[in-house]
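Undergrad: Sequence:
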Amino acid sequence: MPAGHLYELALRVPAARLWARGPDGRRPVPVDLWRGEPVPGDEVLLCACQGPTLDVGCGPGRLAAALTRRGVPALGIDITAGAVTLARRAGARALRLDVFGPVPDTGRWQEIILADGNIGIGGDPGRLLRRARALLAGRGRILAEVEGPGRPTRVYPARLEVAGLTSAPFRWATVGVDGIGPLGASVGLRVTAVTARAGRYFAVLEPRAGA
566 MPAGHLYELA LRVPAARLWA RGPDGRRPVP VDLWRGEPVP GDEVLLCACQ GPTLDVGCGP
626 GRLAAALTRR GVPALGIDIT AGAVTLARRA GARALRLDVF GPVPDTGRWQ EIILADGNIG
686 IGGDPGRLLR RARALLAGRG RILAEVEGPG RPTRVYPARL EVAGLTSAPF RWATVGVDGI
746 GPLGASVGLR VTAVTARAGR YFAVLEPRAG A
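All you need for my numbering is the position in the sequence shown, starting with 1, plus 565.
Honestly, I wouldn't trust all of these hints.
[As the list claims (entries may be wrong)] Between beta-carbon pairs, the in silico distance windows are:
1) S751 - G601: 34 to 42 Å
2) L660 - A733: 34 to 42 Å
3) M566 - E608: 34 to 42 Å
4) V578 - G764: 23 to 31 Å
5) P567 - P595: 17 to 25 Å
6) A646 - P734: 19 to 27 Å
7) R692 - P595: 23 to 31 Å
8) R591 - P667: 33 to 41 Å
Calculated from the structure, these hints are not laboratory results.
Note that beta-carbon positions come from the ideal geometry of N, C-alpha and C, so glycine has one too.
Let's have the full structure, built from the sequences with the hints guiding it.
TA: Take a look at the structure:
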């Protein structure tokens, strides 16, 4: 079963517990939190966004909706139809799009958000950061949530599990705070800030001059 189907099931059924299984076993995917208001740590991202913002893998839209309420132009994109529907209900502008396909206003986004582990999208974080860089305005920034100190950068097959069902494997990745600098440098980005808040870690990446 495609992973997207199980993700949508977990979004539709609040009581369903969604799990992600990777090389370290399985851990919960907190879709119940993502469906609600901003959670601890989100203020780091929300306060950093001053101009047009693209929320990649927006899910139910809590960040894009919160930015809209603050008067910041924001667009959430997600490949899952159910997530986009929930994001719109939450008050976000959202479209069902793949970040690696055509995206509106390419080259004009001031901030691009990769929250909730979404730096793992596609199982190739270097490719994802390169794509995000191409979407940015000249002085734009990527705001990426990463794993804590000591966590390695890894690419691996993952599966989703919910209500006794298991998805087909898909490629995913994790990037630790120690590895985001070298990874960014490999695609012409530099880390200009790292913030820890509420047990979460956030890195700001900007294009390197002349890169």
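Undergrad: Each hint: holds or not?
TA: Each hint, compared with the structure:
1. S751 - G601: 34 to 42 Å: Since the Cβ atoms of S751 and G601 sit about 36 Å apart, the hinted range of 34 to 42 Å holds.
2. L660 - A733: 34 to 42 Å: violated, 25 Å
3. M566 - E608: 34 to 42 Å: holds, 36 Å
4. V578 - G764: 23 to 31 Å: holds, 27 Å
5. P567 - P595: 17 to 25 Å: Because 21 Å falls inside the window, the suggested range holds.
6. A646 - P734: 19 to 27 Å: 22 Å Cβ-Cβ, so the 19 to 27 Å window holds.
7. R692 - P595: 23 to 31 Å: holds, 26 Å
8. R591 - P667: 33 to 41 Å: holds, 35 Å
Of the numbered hints stated above, the single one contradicted by the structure is hint 2.
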